[in-house]
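Asks: Please build the complete structure, drawing on both the sequences and the hints.
2 protein chains.
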Amino acid sequence: MEKVEPKILPGFMELLPQDQIKFNKMYDTIRRVYEKFGFLPLDTPILEYSEVLLAKAGGETEKQIYRFKKGDTDISMRFDLTVPLARYVSQRYNDLSFPFKRYQMNKVYRGEKQQKGRYREFYQCDIDVIGNETLDIVYDAEIPAIIYQVFKELNIGEFIIKINNRKVLNGFFASLNLSSKITDILRTIDKIDKIGKEAVKLELMKLDISEDNSNKILEFIAITGSNDEILKKLVSLNIENKTFNEGISELKQVTEYLKAFNVPEENFNINLTIARGLDYYTGTVYETNLVKYPELGSICSGGRYENLTEYYTKQKLPGIGISIGLTRLFSQLKDIGLLDEEDENKSITKVLVMDIDNKDFSYMLKVATAFRESGIPTDVFYENKSLKAKMKYANKLYIPFVAIIGEDEVKNNSISLKNMFTGEQKTISIEEAIKEIKENM
Amino acid sequence: MEKVEPKILPGFMELLPQDQIKFNKMYDTIRRVYEKFGFLPLDTPILEYSEVLLAKAGGETEKQIYRFKKGDTDISMRFDLTVPLARYVSQRYNDLSFPFKRYQMNKVYRGEKQQKGRYREFYQCDIDVIGNETLDIVYDAEIPAIIYQVFKELNIGEFIIKINNRKVLNGFFASLNLSSKITDILRTIDKIDKIGKEAVKLELMKLDISEDNSNKILEFIAITGSNDEILKKLVSLNIENKTFNEGISELKQVTEYLKAFNVPEENFNINLTIARGLDYYTGTVYETNLVKYPELGSICSGGRYENLTEYYTKQKLPGIGISIGLTRLFSQLKDIGLLDEEDENKSITKVLVMDIDNKDFSYMLKVATAFRESGIPTDVFYENKSLKAKMKYANKLYIPFVAIIGEDEVKNNSISLKNMFTGEQKTISIEEAIKEIKENM
Numbered sequence: 475m476e477k478v479e480p481k482i483l484p485g486f487m488e489l490l491p492q493d494q495i496k497f498n499k500m501y502d503t504i505r506r507v508y509e510k511f512g513f514l515p516l517d518t519p520i521l522e523y524s525e526v527l528l529a530k531a532g533g534e535t536e537k538q539i540y541r542f543k544k545g546d547t548d549i550s551m552r553f554d555l556t557v558p559l560a561r562y563v564s565q566r567y568n569d570l571s572f573p574f575k576r577y578q579m580n581k582v583y584r585g586e587k588q589q590k591g592r593y594r595e596f597y598q599c600d601i602d603v604i605g606n607e608t609l610d611i612v613y614d615a616e617i618p619a620i621i622y623q624v625f626k627e628l629n630i631g632e633f634i635i636k637i638n639n640r641k642v643l644n645g646f647f648a649s650l651n652l653s654s655k656i657t658d659i660l661r662t663i664d665k666i667d668k669i670g671k672e673a674v675k676l677e678l679m680k681l682d683i684s685e686d687n688s689n690k691i692l693e694f695i696a697i698t699g700s701n702d703e704i705l706k707k708l709v710s711l712n713i714e715n716k717t718f719n720e721g722i723s724e725l726k727q728v729t730e731y732l733k734a735f736n737v738p739e740e741n742f743n744i745n746l747t748i749a750r751g752l753d754y755y756t757g758t759v760y761e762t763n764l765v766k767y768p769e770l771g772s773i774c775s776g777g778r779y780e781n782l783t784e785y786y787t788k789q790k791l792p793g794i795g796i797s798i799g800l801t802r803l804f805s806q807l808k809d810i811g812l813l814d815e816e817d818e819n820k821s822i823t824k825v826l827v828m829d830i831d832n833k834d835f836s837y838m839l840k841v842a843t844a845f846r847e848s849g850i851p852t853d854v855f856y857e858n859k860s861l862k863a864k865m866k867y868a869n870k871l872y873i874p875f876v877a878i879i880g881e882d883e884v885k886n887n888s889i890s891l892k893n894m895f896t897g898e899q900k901t902i903s904i905e906e907a908i909k910e911i912k913e914n915m
Numbered sequence: 475m476e477k478v479e480p481k482i483l484p485g486f487m488e489l490l491p492q493d494q495i496k497f498n499k500m501y502d503t504i505r506r507v508y509e510k511f512g513f514l515p516l517d518t519p520i521l522e523y524s525e526v527l528l529a530k531a532g533g534e535t536e537k538q539i540y541r542f543k544k545g546d547t548d549i550s551m552r553f554d555l556t557v558p559l560a561r562y563v564s565q566r567y568n569d570l571s572f573p574f575k576r577y578q579m580n581k582v583y584r585g586e587k588q589q590k591g592r593y594r595e596f597y598q599c600d601i602d603v604i605g606n607e608t609l610d611i612v613y614d615a616e617i618p619a620i621i622y623q624v625f626k627e628l629n630i631g632e633f634i635i636k637i638n639n640r641k642v643l644n645g646f647f648a649s650l651n652l653s654s655k656i657t658d659i660l661r662t663i664d665k666i667d668k669i670g671k672e673a674v675k676l677e678l679m680k681l682d683i684s685e686d687n688s689n690k691i692l693e694f695i696a697i698t699g700s701n702d703e704i705l706k707k708l709v710s711l712n713i714e715n716k717t718f719n720e721g722i723s724e725l726k727q728v729t730e731y732l733k734a735f736n737v738p739e740e741n742f743n744i745n746l747t748i749a750r751g752l753d754y755y756t757g758t759v760y761e762t763n764l765v766k767y768p769e770l771g772s773i774c775s776g777g778r779y780e781n782l783t784e785y786y787t788k789q790k791l792p793g794i795g796i797s798i799g800l801t802r803l804f805s806q807l808k809d810i811g812l813l814d815e816e817d818e819n820k821s822i823t824k825v826l827v828m829d830i831d832n833k834d835f836s837y838m839l840k841v842a843t844a845f846r847e848s849g850i851p852t853d854v855f856y857e858n859k860s861l862k863a864k865m866k867y868a869n870k871l872y873i874p875f876v877a878i879i880g881e882d883e884v885k886n887n888s889i890s891l892k893n894m895f896t897g898e899q900k901t902i903s904i905e906e907a908i909k910e911i912k913e914n915m
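Which chain is which? The protein sequence lines are A and B, in order. Just so you know, we're using our numbering here: the first sequence kicks off at 475 and counts up by one. Just so you know, we're using our numbering here: the second sequence kicks off at 475 and counts up by one.
Do not take every clue at face value.
[Said to hold, decoys possible] Restricting the straight-line Cα-Cα distance to at most 30 Å, the calculated cross-link-like pairs of lysine-lysine (DSS-like) are:
no. : chain 1 : residue 1 : chain 2 : residue 2
1   : B       : 912       : A       : 733
2   : B       : 499       : A       : 909
3   : B       : 499       : A       : 496
4   : A       : 543       : B       : 530
5   : B       : 626       : A       : 496
[Stated by the list, open to error] If we take Cβ atoms under 7 Å as the criterion, some of the chain B residues that face chain A in the derived model are:
no. : residue
6   : 519
7   : 542
8   : 569
9   : 612
10  : 785
11  : 846
12  : 853
13  : 870
14  : 871
[As the list claims (entries may be wrong)] A few chain B positions that, by computed beta-carbon distances, are all more than 10 Å from chain A:
no. : residue
15  : 590
16  : 673
17  : 681
18  : 692
19  : 724
20  : 767
21  : 805
22  : 884
23  : 893
24  : 899
FYI, nobody ran anything at the bench for these hints, they're computed from the structure. Quick caveat, the model's predicted, so the values are computed rather than measured. Cβ atoms here follow ideal geometry from the backbone N, Cα and C, with glycine treated the same way.
Replies: Structure below.
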């Protein structure tokens with residue numbers, strides 16, 4: 475028979491079991507934290523009507539969509555979890571309780587140009603809170619408080635949640651009569667780490683911005699310090715613009731609430747240069763960085779939006795949300811070696827039961843059943859192979875214990891339990907073995 | 475702004491949060507059992523090269539595929555988890571340990587004709603064991619032993635795992651010189667419950683099968699009883715056909731091992747009428763029924779195949795696997811009311827913290843943080859609404875406790891804890907509240 479080469483599409487992540495176990499651990503941790511904060515699970519279809527999914531999209535997004543026809547139906551694959559949320563909340567409005575807090579952790583699809591670190595299929599782990607007409611500013615602090623808990627439990631090193639408020643940005647640029655140029659200005663500012671202050675100034679002036687205003691912009695984005703210091707400096711700018719001052723007041727409330735949420739000051743910092751999606755966010759915005767690996771970029775971003783569902787319904791539903799791009803994050807952490815675990819933690823299975831002479835499975839099954847009934851994930855090696863081959867299997871899968879069974883063990887109702895990491899082996903009763911394995915779980 | 479009607483494609487299941495919680499519980503239970511038996515997680519891409527995914531497919535399957543072009547690439551959505559497994563094992567052969575035991579619980583896609591109970595996007599929860607060249611017959615018993623454990627823990631009522639062996643069927647029909655007609659014969663036999671014995675006999679004879687042979691077929695499929703009785707009757711047919719007798723011997727071994735796996739006899743039964751996918755399975759085959767709801771059909775099916783990967787590699791990799799179609803099962807169970815749970819179990823969140831007069835969040839946050847740190851999933855109601863509205867929110871989400879905070883509670887470092895199901899309310903310390911909530915978790 476002619477063979478087809480077994481391969482996957484470029485830009486798709488597929489893991490070996492050892493890595494999949496690590497990935498799932500991260501996934502489970504995020505999910506557990508989301509649930510601990512009262513978020514409800516959601517699982518929307520991956521395929522939707524193009525008309526519905528692309529109600530808002532345009533430009534770059536639309537080009538990346540996987541879109542096709544099946545019969546007469548124009549179908550698209552979801553490219554994020556926010557648009558399906560908007561559709562869901564509009565459609566199920568009468569069945570939901572508000573504020574509606576939901577998490578969704580599923581795959582999304584973007585046919586991006588191929589480049590390192592970019593995936594065409596990837597997990598987003600989203601939480602959003604959707605209010606009915608209004609949504610209290612305290613939620614702008616709850617979201618980063620949850621993210622703080624997530625990254626603390628993921629245990630992947632120091633991190634900082636950067637916070638800004640679009641009203642501060644919008645108000646500031648309005649006060650300079652530069653509202654129409656915000657997009658270009660922010661894009662220019664974004665390059666400051668790469669090209670330096672002087673080059674940014676020149677580029678700003680190329681946008682027909684006066685030298686005076688260019689200087690003011692550079693001064694503005696140079697405001698750094700502790701959260702309190704930044705807030706004071708912002709106030710001292712004495713800008714008389716309603717939006718600007720609303721933004722300051724919101725930033726102030728959010729940082730105060732964050733303290734009440736017990737989030738340490740070292741883990742969140744006002745940063746006036748972050749803006750996020752310009753046509754979307756209207757208030758608080760977030761980015762998150764690993765302190766030692768700023769080159770990874772933001773590993774968790776989001777913000778507040780005025781009206782989630784304007785393309786689908788007349789109801790005004792403001793919300794706030796954040797997203798972890800888990801596939802990309804996982805791949806980055808793996809690349810920099812942050813996922814190297816102790817061998818003891820690499821296996822879900824905690825013990826492999828095997829016999830020496832492949833004579834009789836019944837005692838093996840008795841042992842395995844006893845292990846499983848006491849909550850120990852247990853594998854059994856049934857194939858007629860050498861003891862060495864069986865040991866190699868346990869080794870390769872990082873299974874921490876093997877329970878070896880021979881004639882003597884069957885006779886004495888015992889097992890020889892070997893710790894695969896210390897090499898220690900002893901002949902003990904099934905109950906003692908259960909105790910020993912559980913102590914090491 | 476013109477609105478787009480928010481709706482989803484027909485044939486796609488999307489749940490309200492209360493149902494999603496139930497769905498996830500079932501999903502988590504299945505996953506936990508699979509892991510307890512030593513299966514490794516896998517998560518393959520939903521999109522694959524059409525050439526790879528359709529290496530084997532044809533006929534009905536191919537028509538149902540969601541297939542499209544992106545640029546020059548011919549892409550298909552996976553329609554099951556077995557073909558991706560075959561591709562994966564071929565591609566990663568050198569990185570895997572055999573027997574390779576994997577579970578995958580993800581969505582698959584079939585653009586089927588619309589009909590009740592059929593989904594175009596649905597979860598399959600698969601386990602497979604893949605051997606290298608050989609795979610011991612004991613795995614044919616381990617698979618139903620796992621399924622037994624799954625359905626016991628899912629707790630959805632009495633069930634029976636039906637077991638047959640394709641070699642028994644193939645050998646039997648070969649002994650009648652009817653090998654070429656097996657497909658048609660089995661399709662006819664399948665109607666026996668609907669149209670009765672006599673009508674089946676007439677249809678068999680229409681297939682150019684002699685009356686004598688038709689009678690033998692009817693006698694054969696009428697063999698029922700306990701597993702031992704069926705095995706005895708099969709032997710007493712005295713059919714001299716190697717395949718047939720191999721099949722009997724395998725069936726015998728599997729039923730014996732199942733006893734060793736502690737699976738009660740009432741939960742598995744040899745059934746000579748089940749055959750499953752005819753071009754695929756070669757040995758043991760399974761179906762599973764709910765005893766009280768046979769009309770649901772098989773809720774979990776699978777079997778042994780000679781060579782998983784023949785389309786991709788020269789290695790001979792026999793395997794055995796089984797699949798639970800969770801989306802369909804969930805929908806069926808919901809329809810017949812088998813998913814109605816105690817109200818106490820309908821919420822992941824165990825307590826809602828709320829204040830009476832929306833004055834100060836800091837004490838609320840302190841309480842919520844204490845709850846969460848002790849492992850209690852906790853929601854907080856921050857919106858400025860009436861106490862009645864807040865209670866309604868807790869009620870609608872079936873949250874079992876509310877922690878009410880007013881001036882007195884803040885002053886005395888206490889909370890008023892209300893049990894939403896008994897109506898009982900008492901003012902106690904945070905520690906006492908934690909104890910009370912956890913006792914009811």
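Asks: Could you tell me which of the hints above the structure violates, numbers in ascending order?
Replies: As far as the earlier hints go, not one is violated by this structure.
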